[in-house]
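From just these sequences and the hints, can you work out the full model?
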Amino acid sequence: MGMRYEPVIGLEVHVQLKTRTKMFCGDSAEFGAEPNSHVCPVCLGLPGSLPVVNGRAVELGIRAGLGLNCTIHETSVFARKNYFYPDLPKGYQITQYDRPICTDGWVDARLERGSATVQRVRIRRIHLEEDAGKSLHDRLPGKTAIDLNRAGVPLIEIVTEPDIVSPAHARDFLTRLKQILEYLEVSDCDMEKGSLRVDANVSIRPVGSKTFGTKTELKNMNSFANVERAIAYEIERQAAILDAGGVVEQETLLWDAARNEARPMRSKGDSYDYRYFPEPDLPPLVLEPGEVDAIRATLPELPDAKLRRFQEQYGLPAYDAEVLTATREVADYYEATARAAGDPKAASNWVMTDVLGWLNQRQCAISEFPISPEHLAQLIGLIADGTVSTTLGRQVFAKMAETGREPAVIVQEEGLSQIRDIGQLEAWVDEVIAASPVEADRYRQGNEKLLGFFMGQIMRKSQGKADPKQATELLKRKLSGA
Amino acid sequence: MKGEWGSIAELAAAVAAGRTTATEQVHEALTRLGRIDPAPEGINAFISYDAEVAAARAAEVDGAIAEGRGAGVLAGVPVAIKDNFCTLDHPTTCGSRILEGFRAPYEATAVRRLREAGAVVVGKTNLDEFAMGSTTENSAFGPTRNPRDLTRTAGGSSGGSAAAVAAGIVPAALGSDTGGSVRQPAAYCGIVGLKPSYGRISRYGLVAFASSLDTVGIMSRSVADAALLLEVVAGADRFDATAANIPVPQFRDALEAGLEGLVVGIPREYFPEELDPGIASACRAAIDRIREAGAEVREISLPHTRYAIPTYYLIAPAEASSNLARFDGVHYGMRAPDATSSAAVYDETRSIGFGAEVKRRIMLGTYALAAGHYDAYYARAQSVRALITRDFRQVFDSGVDVIFTPTTFHLPPRLGEKVQDIYRQYYGDIFTVTANLAALPAISIPVGTTEGLPVGGQFIADRWDEVTLLRAAAALERLLSE
Numbered sequence: 003m004g005m006r007y008e009p010v011i012g013l014e015v016h017v018q019l020k021t022r023t024k025m026f027c028g029d030s031a032e033f034g035a036e037p038n039s040h041v042c043p044v045c046l047g048l049p050g051s052l053p054v055v056n057g058r059a060v061e062l063g064i065r066a067g068l069g070l071n072c073t074i075h076e077t078s079v080f081a082r083k084n085y086f087y088p089d090l091p092k093g094y095q096i097t098q099y100d101r102p103i104c105t106d107g108w109v110d111a112r113l114e115r116g117s118a119t120v121q122r123v124r125i126r127r128i129h130l131e132e133d134a135g136k137s138l139h140d141r142l143p144g145k146t147a148i149d150l151n152r153a154g155v156p157l158i159e160i161v162t163e164p165d166i167v168s169p170a171h172a173r174d175f176l177t178r179l180k181q182i183l184e185y186l187e188v189s190d191c192d193m194e195k196g197s198l199r200v201d202a203n204v205s206i207r208p209v210g211s212k213t214f215g216t217k218t219e220l221k222n223m224n225s226f227a228n229v230e231r232a233i234a235y236e237i238e239r240q241a242a243i244l245d246a247g248g249v250v251e252q253e254t255l256l257w258d259a260a261r262n263e264a265r266p267m268r269s270k271g272d273s274y275d276y277r278y279f280p281e282p283d284l285p286p287l288v289l290e291p292g293e294v295d296a297i298r299a300t301l302p303e304l305p306d307a308k309l310r311r312f313q314e315q316y317g318l319p320a321y322d323a324e325v326l327t328a329t330r331e332v333a334d335y336y337e338a339t340a341r342a343a344g345d346p347k348a349a350s351n352w353v354m355t356d357v358l359g360w361l362n363q364r365q366c367a368i369s370e371f372p373i374s375p376e377h378l379a380q381l382i383g384l385i386a387d388g389t390v391s392t393t394l395g396r397q398v399f400a401k402m403a404e405t406g407r408e409p410a411v412i413v414q415e416e417g418l419s420q421i422r423d424i425g426q427l428e429a430w431v432d433e434v435i436a437a438s439p440v441e442a443d444r445y446r447q448g449n450e451k452l453l454g455f456f457m458g459q460i461m462r463k464s465q466g467k468a469d470p471k472q473a474t475e476l477l478k479r480k481l482s483g484a
Numbered sequence: 003m004k005g006e007w008g009s010i011a012e013l014a015a016a017v018a019a020g021r022t023t024a025t026e027q028v029h030e031a032l033t034r035l036g037r038i039d040p041a042p043e044g045i046n047a048f049i050s051y052d053a054e055v056a057a058a059r060a061a062e063v064d065g066a067i068a069e070g071r072g073a074g075v076l077a078g079v080p081v082a083i084k085d086n087f088c089t090l091d092h093p094t095t096c097g098s099r100i101l102e103g104f105r106a107p108y109e110a111t112a113v114r115r116l117r118e119a120g121a122v123v124v125g126k127t128n129l130d131e132f133a134m135g136s137t138t139e140n141s142a143f144g145p146t147r148n149p150r151d152l153t154r155t156a157g158g159s160s161g162g163s164a165a166a167v168a169a170g171i172v173p174a175a176l177g178s179d180t181g182g183s184v185r186q187p188a189a190y191c192g193i194v195g196l197k198p199s200y201g202r203i204s205r206y207g208l209v210a211f212a213s214s215l216d217t218v219g220i221m222s223r224s225v226a227d228a229a230l231l232l233e234v235v236a237g238a239d240r241f242d243a244t245a246a247n248i249p250v251p252q253f254r255d256a257l258e259a260g261l262e263g264l265v266v267g268i269p270r271e272y273f274p275e276e277l278d279p280g281i282a283s284a285c286r287a288a289i290d291r292i293r294e295a296g297a298e299v300r301e302i303s304l305p306h307t308r309y310a311i312p313t314y315y316l317i318a319p320a321e322a323s324s325n326l327a328r329f330d331g332v333h334y335g336m337r338a339p340d341a342t343s344s345a346a347v348y349d350e351t352r353s354i355g356f357g358a359e360v361k362r363r364i365m366l367g368t369y370a371l372a373a374g375h376y377d378a379y380y381a382r383a384q385s386v387r388a389l390i391t392r393d394f395r396q397v398f399d400s401g402v403d404v405i406f407t408p409t410t411f412h413l414p415p416r417l418g419e420k421v422q423d424i425y426r427q428y429y430g431d432i433f434t435v436t437a438n439l440a441a442l443p444a445i446s447i448p449v450g451t452t453e454g455l456p457v458g459g460q461f462i463a464d465r466w467d468e469v470t471l472l473r474a475a476a477a478l479e480r481l482l483s484e
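Listed in order, the protein sequences are those of chains A and B. Numbered by my numbering, the letters in the first sequence go through residues 3 to 484 in order. Numbered by my numbering, the letters in the second sequence go through residues 3 to 484 in order.
FYI, nobody ran anything at the bench for these hints, they're computed from the structure. All C-beta atoms, glycine included, are put in the ideal place defined by N, C-alpha and C. One or more hints might be untrue.
[To be verified] If we take Cβ atoms under 10 Å as the criterion, some of the chain B residues that face chain A in the derived model are:
(1) E62
(2) N86
(3) S204
(4) A210
(5) S213
(6) F241
(7) P274
(8) Y309
(9) V347
(10) Y348
(11) A378
(12) Y380
(13) R382
(14) S385
(15) Y429
[Claimed, not checked] Cut-off 20 Å, straight-line C-alpha distance, at most; resulting in silico cross-link-like pairs (SDA-like, lysine to any residue):
(16) A:K145 with B:M365
(17) A:K83 with B:F104
(18) A:K308 with A:E324
This is how it looks when you write it as structure tokens:
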């Protein structure tokens, strides 16, 4: 695209709230149940049924707003968004329109991956609403089946200002947003299960222009990587149209990840008039005095604050602190380990390399990790006091992950503790020097690098158990003929 | 015209004491129903009834009393329910073809409370389709005749409930009142029709017409009976966020207090020149009795009354257009047989399923809410609604305790008497819609006859002040029966 155009990007993010029950009735909001098993007169839209607001969903909406630096409004108003769709049983969605619960927030997001430069993305509003059901097109041959388990599941919709300036900026915004929402325990934010869904509004304009170009809406991206790709694709597509002297049409495009392209869904020409009006079945949502402050008092330390504190308190480099604060669970695990071991640096090395590596390999969450922070700290202690070598420590770690047992027990039972018996060490030193007289001579002539060669031989003989410090000293002494 | 039924309290007491049984009472109601109700010669007050189920429910009440499990305050009282309340024992049709085959899997709160107090539902009564109309002629099940003159309508939309009570089939019935649908048919049939404050009775299970105006209403043969039923059905409900969580007074305690010391306001806007002269003179005679009984009668003005009809006919259809969207042929009720796409299912089902008046109001309401019309119509109507409410506020703040007006503009029209001018028909609601717009409690009681037809007089009280409303109505009822 070159420098002729600049993109203007805004995002609409739907996030399912982690509540036990639905937004306006008592049915379970759980994902993945037998179709139409979590339904009642209210979410089925039966005649005469009425909505009643789920207080927990309101609380989670407020938490999200506070975590995203929003103003929380004491009074907000539910509204009906009217349209016909088979998986919308009432013929309208209950949402919030001109008086949402949260407005005017922000998130700082990086312009490029790995760069230190952040640019603020303003959040225009967050509103509470209910999810629709699902139309299943592949369940009954030639027919569309409707599953209303999802109908009425609580959502927040987070709408940004058009402040996002690049596909990478959009992706980092989403990464930050998800991280914050996960820290707040507001949502699972699982795109695969549909608990976080992103629509992107994209337009381009000549660099320096003050007016907006015509925007298109991108839907159906199932990962943040796809959001980034789809936006990049759309920017290129619009630029090509403008370059050819054409006009960008306002339309909705569906991203096809398999083909790496966006295809038109419907043009805004035949879009609905949603006929919004205040929901007469629900009084305005008025928060109790002090409710927002009470919720604020329960907020956890958020990622940015934790990142700064980890750098200051544990002396971690920025990169390490960032990796360790990526999720609240990893951060908590690290902190518990560091505290128990009394060695933040060693704890950081173990968690970043070994723990995260283990999780990554098995694609599982830290909640499923079998080694407790206390046990990992014990292992760090055994290495620090020389009971096991770092190399053997890794073997102990693997055994711990396998069995969940204490490191000291494993070291003892497997005979993995270091051998510091001078007689045994001397014997091995003598053996390796005797076996390689040529190398011994070259060492004595000044090739000190060969020390490593001899140490390797000793480690092999001792199956890695020789105390390296003592063995090295003995080796040096014997080689220099003392 | 007390007919065959005594007071409901006495009837329930007799059942509780074993002097009669629920079974006998229900049998008597069903016998009368079978004799005088069936169309074409009968009054056609009922859409459905089920003698076996009613007998079984009556036997449950009798069983409970026999086993000493106690008798409710409505033990053995046969009641009828307007067919826009969901009930478990009968179909729920709303007087519409579109709900063909629908049986609700749940029960309206008001109906449940009646049953829990020992009342037995004998059947579901006729109404204008979805309560839209004022003659019960807009019913898919034929019009209801007025028991006082079988050539005339019973009024509407709760014409079936009014006729069932007036004909002595049941001593009381539930209706719904959105713009006068309980009070007007009560006036036409010569019975009591009570519309409490908006929020006094849960709407859960009442199929919505206009959610911000709909009120559950009580139709009975005396003010005392209405007060008793109100005590049973009123009060907060966790299934209706608009049902107020405020204490329910013992309404019957105030019935003997009389008119002395009350200030009764007579709004000059409610006695226009065009008012039927027979109605005017019956109401003026009633005012004389009120004055003689020691009340201060004060002329007042409610200047925004003249905007009440256009205001009502914007708000009610707007809400209706959204409330009736759920009748789409997808989930329950009727579905157009040959529709091949979801759009065709909607179009054809709704074309065939809804009657002309319902379609007219859906179109009116859709237009009023459309983008570009909202501010001019719906939002403007809400502003005027606030002015109408303020008129009442000022009157009550000036020391007026209760307002007295005629209930209807005209005498009950003859069946089939086509009202050519839809505006004239809509303007017939002028005296009753204001209480709905202002959320106030109101009651119509018989105040005399003209040309052999009953005349209704209406009291309107301040919000939540059903105590004063019923006190005044009971006092006038006594004065007029002397």
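Structure-based check of all given hints:
| no. | hint | in the structure |
| --- | --- | --- |
| 1 | E62 | violated (24 Å) |
| 2 | N86 | holds (8 Å) |
| 3 | S204 | holds (8 Å) |
| 4 | A210 | holds (7 Å) |
| 5 | S213 | holds (4 Å) |
| 6 | F241 | holds (6 Å) |
| 7 | P274 | violated (31 Å) |
| 8 | Y309 | violated (20 Å) |
| 9 | V347 | holds (8 Å) |
| 10 | Y348 | holds (5 Å) |
| 11 | A378 | violated (14 Å) |
| 12 | Y380 | holds (6 Å) |
| 13 | R382 | violated (13 Å) |
| 14 | S385 | violated (13 Å) |
| 15 | Y429 | violated (24 Å) |
| 16 | A:K145 with B:M365 | violated (31 Å) |
| 17 | A:K83 with B:F104 | violated (26 Å) |
| 18 | A:K308 with A:E324 | holds (9 Å) |
Violated hints, listed in ascending order, are 1, 7, 8, 11, 13, 14, 15, 16, 17; each of the other numbered hints is respected by the structure.
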